[in-house]
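Chains as they are written, first to last, in our numbering: chain A, 1 to 354; chain B, 1 to 354; chain C, 1 to 354; chain D, 1 to 354; chain E, 1 to 354.
There is no bait here: all hints are sound.
You can't tell identical chains apart in this list, so a pair holds if it fits in one copy or across any two.
List of simulated lysine-lysine pairs, DSS-like, C-alpha gap at most 27 angstroms:
#  : residue 1 : residue 2
1  : 213       : 352
2  : 295       : 349
3  : 349       : 213
4  : 226       : 213
5  : 226       : 255
6  : 160       : 57
7  : 351       : 213
8  : 117       : 255
9  : 57        : 159
10 : 295       : 351
11 : 161       : 57
12 : 226       : 122
13 : 160       : 255
14 : 350       : 213
15 : 352       : 295
16 : 213       : 122
17 : 295       : 350
18 : 295       : 213
19 : 117       : 161
20 : 255       : 161
21 : 160       : 117
22 : 159       : 255
It is worth saying that the hints were derived from the structure and are not from the lab.
Okay, here's what each chain looks like letter by letter:
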Amino acid sequence: MARFLKNRSAVLGKAPGDLVFVGDRKVDNPTITLIEYTPDSLERTEVGNIRDVFPVKESPAVSWININGLHDMDLIRETGRGFDLHPLTMEDILNTGQRPKLEEYDNYLFISCKMMKYDEEKRIVSSEQLALVLGENFLLTFQERPGDVFDPVRERIRKKKGRIRTSTVDYLAYSLLDTIVDNYIYIIERLGEQIEDNEEQILEGPGRDSLEKINNYKRELIYLRKSIRPAREFVLQMSRLESELIRSNTLPFIKDLQDLCTQAVETVDLYRDMLSDQLDLYNTMVGNRLNEIMKILTIFSAIFIPLTFIAGIYGTNFEYLPELGFRYAYYVFWGVLVLVAALMLRFFKKKKWL
Amino acid sequence: MARFLKNRSAVLGKAPGDLVFVGDRKVDNPTITLIEYTPDSLERTEVGNIRDVFPVKESPAVSWININGLHDMDLIRETGRGFDLHPLTMEDILNTGQRPKLEEYDNYLFISCKMMKYDEEKRIVSSEQLALVLGENFLLTFQERPGDVFDPVRERIRKKKGRIRTSTVDYLAYSLLDTIVDNYIYIIERLGEQIEDNEEQILEGPGRDSLEKINNYKRELIYLRKSIRPAREFVLQMSRLESELIRSNTLPFIKDLQDLCTQAVETVDLYRDMLSDQLDLYNTMVGNRLNEIMKILTIFSAIFIPLTFIAGIYGTNFEYLPELGFRYAYYVFWGVLVLVAALMLRFFKKKKWL
Amino acid sequence: MARFLKNRSAVLGKAPGDLVFVGDRKVDNPTITLIEYTPDSLERTEVGNIRDVFPVKESPAVSWININGLHDMDLIRETGRGFDLHPLTMEDILNTGQRPKLEEYDNYLFISCKMMKYDEEKRIVSSEQLALVLGENFLLTFQERPGDVFDPVRERIRKKKGRIRTSTVDYLAYSLLDTIVDNYIYIIERLGEQIEDNEEQILEGPGRDSLEKINNYKRELIYLRKSIRPAREFVLQMSRLESELIRSNTLPFIKDLQDLCTQAVETVDLYRDMLSDQLDLYNTMVGNRLNEIMKILTIFSAIFIPLTFIAGIYGTNFEYLPELGFRYAYYVFWGVLVLVAALMLRFFKKKKWL
Amino acid sequence: MARFLKNRSAVLGKAPGDLVFVGDRKVDNPTITLIEYTPDSLERTEVGNIRDVFPVKESPAVSWININGLHDMDLIRETGRGFDLHPLTMEDILNTGQRPKLEEYDNYLFISCKMMKYDEEKRIVSSEQLALVLGENFLLTFQERPGDVFDPVRERIRKKKGRIRTSTVDYLAYSLLDTIVDNYIYIIERLGEQIEDNEEQILEGPGRDSLEKINNYKRELIYLRKSIRPAREFVLQMSRLESELIRSNTLPFIKDLQDLCTQAVETVDLYRDMLSDQLDLYNTMVGNRLNEIMKILTIFSAIFIPLTFIAGIYGTNFEYLPELGFRYAYYVFWGVLVLVAALMLRFFKKKKWL
Amino acid sequence: MARFLKNRSAVLGKAPGDLVFVGDRKVDNPTITLIEYTPDSLERTEVGNIRDVFPVKESPAVSWININGLHDMDLIRETGRGFDLHPLTMEDILNTGQRPKLEEYDNYLFISCKMMKYDEEKRIVSSEQLALVLGENFLLTFQERPGDVFDPVRERIRKKKGRIRTSTVDYLAYSLLDTIVDNYIYIIERLGEQIEDNEEQILEGPGRDSLEKINNYKRELIYLRKSIRPAREFVLQMSRLESELIRSNTLPFIKDLQDLCTQAVETVDLYRDMLSDQLDLYNTMVGNRLNEIMKILTIFSAIFIPLTFIAGIYGTNFEYLPELGFRYAYYVFWGVLVLVAALMLRFFKKKKWL
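Input sequences plus hints: build the corresponding full structure.
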């Protein structure tokens, strides 16, 4: 299966709005978590039935409903009905091969993006799609499986750190997106360190290893860019939105997020340029090495081939070959050999090959 | 005949609006199919004479008239007259070398695009031009030959799946375009898998085979891009159209289609970048292989050429050559040879060639 | 003389509006042809004196005045005076090194572009500048020499084909431009066929011939692009012009022309990309061939150099060289040679060089 | 640690507005300097407690408060409170890995940029982040450590040179930014000289040294571009700002600064292009050198290999080998050798290798 | 000193508006020339004291004051005061490392650009900065040294050629700029001829000479582009200016100038592309030549190495070596040699190397 554009084929021929879960089934039983808070109160509930959550729409508190697992069609359909979501939104939630985007509907904003997580131990980046539905006073998040990067946000809510408890739900949405982009940048940093290390390795001696690394890093940057570029687009779109769902005092934070995204995209491009430079460097080093090999070959050949020829001359069996009979001929012969070799060496020294 | 810009020469010197069928004659007898539906009724008729279809303009039902085969000039002219089409529209329907586009006229929208179909068995992509004329309550489609990608849409109409039966004719047009773009993405996926496979092949050993594949894939991507880029343009144009022919509740679907087109174009570009990287990789691998060949040649030459020279010395026939008479000269001679060889091997080991 | 930017030096130091004919003198006596038509009447006159033409400005018929030959300054000055042209227009008519462009003046539109013609027999593209002045009811065209691509248009006028006889003069101007762009596309097609043929030739074996072809085609595409890009610009400009000189029912035709120009430009760019790919392919093939040559050299050297060395050993004249005296030494010697050769062949087979 | 995107990881999981100092602790005790001036008076004070500075907000004089050292969280928090700064501004002041930017708040402008300084002796560029807060009549500047490029500005204030003493605080801010950009250009100049020197070195003979230089310069230009491009952006933004904080008679100066930034960016791009050209040149020179090496090898091999073969012939021990017995055979033999060598030399001369 | 960004360092730390002459002192005594004309009168005066010129501001005639030499600070300061120039304008006049630009002030336009002159004999392009100040009815021009490209304009004024004497001062400014751009194009033409010649030289045989030429031409194009691109920008800006200083009947001329600039920029880009293609061609030719060299080496080696081996066999001194004693062994031996050589030649012929 092609890595960069997957899972669309499952949709081929379905009506738009038909619910199809595109993605691997990553969790057995979907779990629903509700966090409800006001500046003064906080409640966290594991919810069994999605219908129990619907009343939060009327509540004045900020409600964050997180759903892990996307393969239970009935649950998604039920959620969509309960929160009055457009059929396309429901299709987008389920299609995990989606290009990150923001859609504005009458009563909510829909955002889908990629959440990436770096596993320090295994040195592996895992990625999953996150769908956000931002309503008047509630936030729905849909994840493919449990485990996310939002623990710091949850802790801030619990410990009343920062302004999150005193802010509206759009600030919560911003906080989640900010955490996601922070993780992008963290991953780019880690990758960047490895790319910069590789450059030194190439300068020491260009091995096949470095070549494969360049190739892999390029792939990973392409993959990152595929998630980050559209993220920058929708954050920009968000900062220009004239929607009541984004309150004016959340706007400076979104502009800040926008700067962060720009920085992330620019850094990815910068590392891509660096990898191109590295490949150029690699090729130049390989060319240099070929030159060196050829020099050694040429020096050996050019010195010994004439010497061998001279020895060949006196290896002939001509009956009348006057030099052979001379008393010191053998020593003169050696002298000539040494002289020829010396001249050759001088020639190569002049050419700066030695 | 040039592959990318064909069939214009047949038009050279004709008056614009003159009908000329540019394309191979792909069907013998054009067939006309009329599908007429309301939420409650559905009728499908094979029509003998295009004039029988004209009354649908007055009917409140949604009518989809599909015409297979373009070489019957009289039929096209008749259709144009019956549905009040501009002469340029009629020329565009017939010119299958057309760049995909959307034209807005007073009473209808004209869209021409490429319909692509992947034959799973033969692994061949076939492409033909599709022209759509979207009127108040009818949709005309013109195909070069029978057989298309619209069977799922027809089935949805028949089985009342999704919202198609309860929607207006612009939703039908959207459904057809969506199916076409889905097929683009499906084809890009298939091609992408092959491109990604090729990369591994190159890393194993760069053969001429891989080179030709890179070349072919590049060509195919150019060909795909030529159809998909203008498609993205006209879908964008469609979403911004202030025409009554596109109802406001169809707009979210067209925006969704636009995202799909963007994703398709980006993926094509991404694969094109990957192919460039593959060619770089191929060249680097070829350079590496040349280095390896040269190393082997240099090692052999540099070891044996001096040895041969030494043997040559003692093959000379000098009368006075003292070493020849020594008792163990031959063994010393071998010793020297082994020593020289050992020194050379050490030298190459130091250079990390062995 | 530089090919791409010629003939400006003749203008150096002249006052703008000073008339200087920049170009080779391509015709001896300029000829003036007047075609005057209404839906019902048609007259074609060879005019001796340009003054005889001036009354057409007052006539209700459509008048097309074509002037072949630009070196008669007096004629041009007279024409300029008679039709009330701006001095810059007159300078632009004469300067055949002009970048194609459209200028809007109070009472007329000025367009200059390159007219290209493909000579099927000689396989040569000839190019000349065409200047158009589009007035209320007249069209002036200035050509460098007789012979143009407009015969189909003249025939349409004569035979009342299409809408030309019933349309206004702006439709006539459109028809001429359409014919010119049709010829661009025809030429690109011809060039494209040759470019695509060249690719197969390179894949068969990269010769110097293919290299020069790539180089020539690149040059020709640069040359084409220099004419076609500005043409696209001014057709776009024309379609956006809010001038009474372009009637509203001519606009759809100009938009169609615009699509044609876009297609032409995109195809030129596409072929340019293909040529870059071809050069890459060529270089890769050359690299592959070098590899093959080196392999053969290395195989020969690596097999025979050790063998020659062994023969050299037994060619030495050591007095005590025990092997020489053995009864089957010569056969053992051959055995060793064959063995060494076999080992080397096996080594190269393992490396997949054979 | 990756060089281009550092220090974000420390922020991971913090609430926006949480103060974290990202950067090395570069100074022990932060120092606060207040310069207060009117056209007639000037006072410079080292301030112990930031609270002593707050009254300047009410003073009619221009006040410039410079803070060296960012690691004292309390000081920054206090300053923020005293001057009524947004939490994001305070975060931006402390995050020294920030992308340069301008943010407009209700009562102040916030600018962060990189200040670069070239140490003539050590030939090292040091860089630190400078944050500016421009209020109605005060300017706050935050530096990571003591020592900056602003001494000329301070002297102009002291000596009443130019218009600075008679201008408002926005002119002071402009003066600081102008000094920073002047230093960018000075550094680009220095780097440019070295880049241009390198080109001559490559033409003399492409060494590994030049290759590493190309690589280093590329890196440094990337680094410079990362600071200068956003600077151009925010200066442009500044010139378009409709804020009362920028007085209309300061605008021409900001436009001038904008030209300077454009020049800086263009020059960086230009040098980057030059480095790419240098790498091409280097590779071409390496290719040329390989050709030269191969030529020498080929000349030697092609001359001596046939000669050695001929000598080999007469080294054979055939019992019946008539030439060996001829009286002048040895001289004829030499004649043949010389002839063969001469023919080869002529062949190579014809090929223009000698 | 870096060639592309010079002389800024002298400004480092100066207050904006401080006058510093950046540039070499190119003339000893500045000269001031005043040309004053109306349709009927013309006066040309060498002015000793700049104050004598100030009254022209009140005169109804068109006045052109040209100042050669910029190092006399007092003169410039005096001029600035007399014509009421902004301090930044005065700084810009003196800073000859300036990026070409146009600045609009309340009562005048300031333009700075590069004036280039091609010396036909020495084949050298000299460049100097020209600053223009266009007021209501006067034009100030500042040159670094005497000698410019404006003699044709002066002659037109003297001889009343064209419309210059009857036009306002903005037409005079246009005429000067037009002359400057004409000279750009003339220089590009000259350079273009040389570039096109070089291509043929490369095709004949790629020498080091051609390589250095490619390199030099690239540099010169970069240099030209640095002057011409900003010129295009400010001419565009000029054509859109809503200033009373540019009269409406001068506008068509400025639009014409704009086309000329576009043509100049496009041609520079085109030649830059051509140079890149030439470098590719050069490298390909070098690769081809390497192939040819290797072929010759391989043919010689592959033919003679086996032959030498065979000769070596029969040079061995085995006591029992039956072939040596055969009567026609020597002739058979030669036969074998010829046969082996013939087989090798046939093999190479099959490979199409001969």
